[in-house]
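Novice: Each residue of the sequence shown is one higher than the one before, starting from 1 at the first, in full-length UniProt numbering.
The set of hints was computed from the structure by calculation and includes no laboratory data.
The structure displayed is predicted, hence computed values, not measured ones.
Treat the hints with care, since some could be wrong.
[Claimed, not checked] No farther apart than 27 Å at their CA atoms in a straight line, the calculated lysine-lysine pairs in the DSS-like style are these:
1. K843 <-> K950
2. K553 <-> K535
3. K781 <-> K944
4. K781 <-> K859
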Amino acid sequence: MPIPRRLLTVFFLPVLLLVSAVSVAQELRPLSDRAMRVWDTRHGLPHNSINHISQDQQGYLWIATWQGPVRFNGRKFEVFNDETQLPDPGALFVAENPYNNTVVATGARGGVSHFQPAPAGGEWQAQPRVFDRVDFALFATPRCTWYATVTTGVVRECAGERTQFTVTEGLPSNSILSLAKDANGRIWAATDRGPAYFDSEQQTFHTVEGLPSGYNFGIINDATAKTLWLSIDTRVYQLDIDDLSYQLWPVTYPSTVTELYQAPNGDIWVGTHEHGLTRLDSQQPIMTSVANGLPNNHILSIFVDRENTLWVGTHRGLTQFREAPFHSHRKEDGLGYDYVRALYQLHDNTVLVGGLGGIKRIVNEAILPFETSSSVANESILTIAQSSDGLLYIGTFTNGLYVLRDGEQIAHYNENNGFPGNDIRSVLLADDGYLYAATSRGVLRSQRLGNGELSPPDYIGTAQGLPDEIIYAIQQSLTGDIWIGSMRGLSVLTENGVQRIDLSDTTDAEFMFGFHESDQHLYVASDRGLILFNKQTEQWQVFDEDNGLPFVKFFDVTRDQQGNLWLATGRGLYFINAEDFERAIYDADPATPLDFSFYESFHGLASSQINTGGPPMLVDSAGELWFATSQGVGHYLPSNVNSLANNPPRPVIERVYADNVAIKPDIYLDAGTGRVEFSFAGLGFHHPESINYRVQLSGYDDTWVVARAGQLSVAYTELPPGAYIFQVQTAYPNGQWSDSATFAFHKLPTLWQRPVTWFALALISVFLVIAIIRLRSYRLKRSKERLQDLVREQTKSLEQLANQDSLTLLANRRAFDEFLREKVARTTGDELGLILLDLDYFKEVNDRYLHTTGDKVLKRVAQIITATARESDMVARWGGEEFAILLSKTDAQQLIAICERMRCALEQADLHNLVSDLTVTGSFGAALHQPNETAASLLRRADKALYKAKSLGRNRTEIAPRTE
C-alpha cells in the first residue's frame, strides 16, 4: 500500500495549490450572469426535494425525488410511480448506465429498478433489493455496479453476483454517502467518517492516513488530471491518486459541503448545507444562495447537461442556471434597486443606469457606485445625457434637472428656481446650443451657458401648436428639426415653429414613446405599432397587427450595428432581421408578414417588461444592446444566441396512439383505425417554450408542416391504407433544423380497398359485358404479357449479374475487360492509365478469420478504393483479392499519386469493428497506355509492374516503363 506524505504537506504553501486551475476559474463569468429558472410541485414535480439529477443518451433529464423517479423533457415532468416496482416510492439516485443505456433508479428500502427505453415508450424491470436504502450507484465496468447504502456499507454487483463490504472489510463507517472511480480504476467510498479506497487484491478498503474524519458528501474524479477531489465537513481536499498524497484547498466554506460536481468543461461546483453553491476557486467563495434567488440553501444535487446548462437540486425544487441570450443586472447583483428607466453610455464607455434608486455604473459587467456628492444619487432617475465637454444632465421623476461635472453638482433646477415641471422625461442637447427637455408641461427650452448653467427657460406647449403638453420623447433629426412625441400625437419643431403631423390616414396611434433615425427613415415607437417615415418620398407607413405582430404598444425602437431592428414592449423584445425588415419596407403589400423573434423572461431577462424612459434601450459603442426593465438592466449576449442556433435540440417521439391505444413502431394498423396521434418533444432546456417544430407524414404530406407555438402533438384521421413514416424536426429560434425523429407504421386496407377485391369486381364486370370466350382470351393475353415481363426482368437481372461482382457490387472482370478494350479502341490523344492492386497476404486473413470475415474486408477495401479514386475512374474486382482501376486523362505523376493515395488509405484504414488487430496493405502495379498499344499489352505491363511491387517487399507502388 502506498505511504502518504506527512501531514506537513497539508499546511505547507497552500497558496500554490493548482495555480493554473484557479486562474482559469477566476476568468469565468460569475454565476449571476446566467438566467435562473425554478420548477417545483406547482409545475408538475411530485416532490420538492431533488435528490439526484442526470441526463440519458436521448437527452431526457432524470430527477430522483422522494415520490419516485421523474423524466423531464423541458415542458413536462413524467412521474413514474408503481410501474418502477420499487419497494418504496422514494428515489435517491437515477442515472443511465453508460455500458447498456439502461436507466437505473435506486431508493428507500434497498430498491433498485431498471428502465429500458424504447421508441415511443419504455419498460421498468425491478431488481433484487439491496440490504438498505441505496443513495448512490457507480457503474464501474460493463460487468460491475457498486451501490452505496445508508447503514450497510457498500454492495458490489458483478454479473448478478453481489458482495457486501462493511467496517469489517476496512470501511471507516457503514454509512456510505457517495462513490467514485479514479483514473487508475480504483473505487472510492465516501462515508460520514471520511473516504476509503478499495484494494482489489486484498478485497478490502483502506483509509488515507492523515485525512480527518467527517462528513464526506462530495468525492469526484478530476477528468483533467490524475486527481481526486473530496470534501470533509467544510473543507475540500485534492488527492493525488498515484501516491495518495493530498493538499488542503485554501478555502473554508461557510457550512458543510454536501455536493461536489465537475462539469464537462472542467469547472468544479461546490454545494453546501446552508449557504447555496459556488464554483471552486482559491479566493473567498461568492455563494449563490437565497439572496440571489435560489429557492433553498441546502444543495442536494448538481448537474451540467449537454447544453452547458447548470441544474441544482434543493429542498424547494429544481433550479436551472443557463447561458441565455440576455443577462440581467438586478438588485441582488449590486444594482440596489429593480426599476430602471434610463441608460446612457459616457465618453469613457461606462454605461450609466438610472432608475428608482438613483444612478449606478456598469464597467465590464461589474456594477459600481456612481461617485457624487449630489443628492441626485438618491433620486428617481428618468433620463441622462452628456454634453461634448463632459457635463452630465440628469432628469428626475419629481425633482427636476441636475447638472454635474466629474460627479460634482454644478446646478439643480426645479420649480423652486424657475423651472416648472419637475418630471424630466427626456433631455436633448441640441445643435443650436439649447437644452430641450420633455416634461408634463410641454417642451422645456433653455440656453446652455458656458459654465454649465442654464438660462431661464421658456416652454413650448399647446399654445405654440403642440397637441398635448405631456411629452414622452424628443429627438433632433439629421436636418436639425426637433421631433416631439406626446400623449396626443407627433409634432416637429422647425425654424418656422411647431408643425403637427397628421397620421390619421396611416394609423390611429396617439402615444409617441421613442425615436430612431437612419439616413433613409425616421422610426417612431407608438401605442399602435411602429411608424416609419420615408424621408425621400415623405410617405408614412405603419407595422402593426396586420403584419403579424401580436403586441404593438412599443416603448422604444432602435437598430443595432448590423441593422437589425429592436422594438421594446411591456411584454418583451422584438428582434427583426435587417434584411427581412428592408424587404417588408419596400413590399407593395402593407400587410406583408414580418418574420421576428420575441424575447421574454425565459430568454434570460429578469423581467420582460421594458420601461419607458430616456431612453430605455441603448446600443453601445461596441454594438452591444442594453435594456431598462422593471427588474434591472438587460444585456443582450449574441454569442449565446449563435451557439444555440447552431445546435438544435434533439427531437423525440414520446407516445403514439391509435384510437387512444399506445402503439409501437412498424405496426400494421387495422383498416378501421380512425385516429393516429403523435406526441413529441425537443430535448432542449435553454428555453423549451421557444423551440420550433415541424412535422411531416411521409406517404400523406408532400411538405413539412410547421407546428403552432406550444403544439407538442399532431393527429391524423381517416388515413388511407398504405405505408407511412412520421417525422419531426426541431430548431431554436432562427436556428438550423435538427435531424428527424421517425416512426414508421402501416395501415391495412378494408376489403373493398384491396387490389384483389378490385380485380374480382373487374372480372365480374367483364363477365357481365363480355362473353366467356372473350374473357378466356383476355386471361391468356394477360398471362403472356406477365410472362414476357418476367422474362425481361430475368434477362435484365442476369445481364446485371454477368457484369457485376455480387460481393463488392463493383464491376467484375468480364465487364472491366470489355470496357478496357472499348476504351483502348476509342482513345485518340488522351492518356489512359491502368492500375492493378493485389491485397498482401490476404490468404492469411481467410485462413485465420474465415471467409466470412474475409468477404467483409473485401467489401471494405472496395469502399476505400472507390472513395479514393476519381469520379471518372472505373473500379472493378478483377479476381479473388485483386482489383483493377482504369483512369482516363492522366499522366505518370498523377498515376503514381493515385496509387499512393489508395495504398495509404488501405494501410491506415480502421478495421477494428471487423477484426480488432487487422491491418490490410496492397501492392500496386500501374502502366500508362502507349500509342497503338493493345489492351492485352497494357494489362501485361501493369501485371509485370504488380509482380515487381510484390517482389520488392509488397505494400508499394511500381509503374511499368515505356516500351521502345
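Novice: Look at each hint and say if it fits the structure.
Specialist: A quick look at each hint next to the structure:
no. : hint          : verdict
1   : K843 <-> K950 : holds, 15 Å
2   : K553 <-> K535 : holds, 24 Å
3   : K781 <-> K944 : violated, 59 Å
4   : K781 <-> K859 : violated, 45 Å
Hint check: violations occur at hints 3 and 4; the rest are consistent with the structure.
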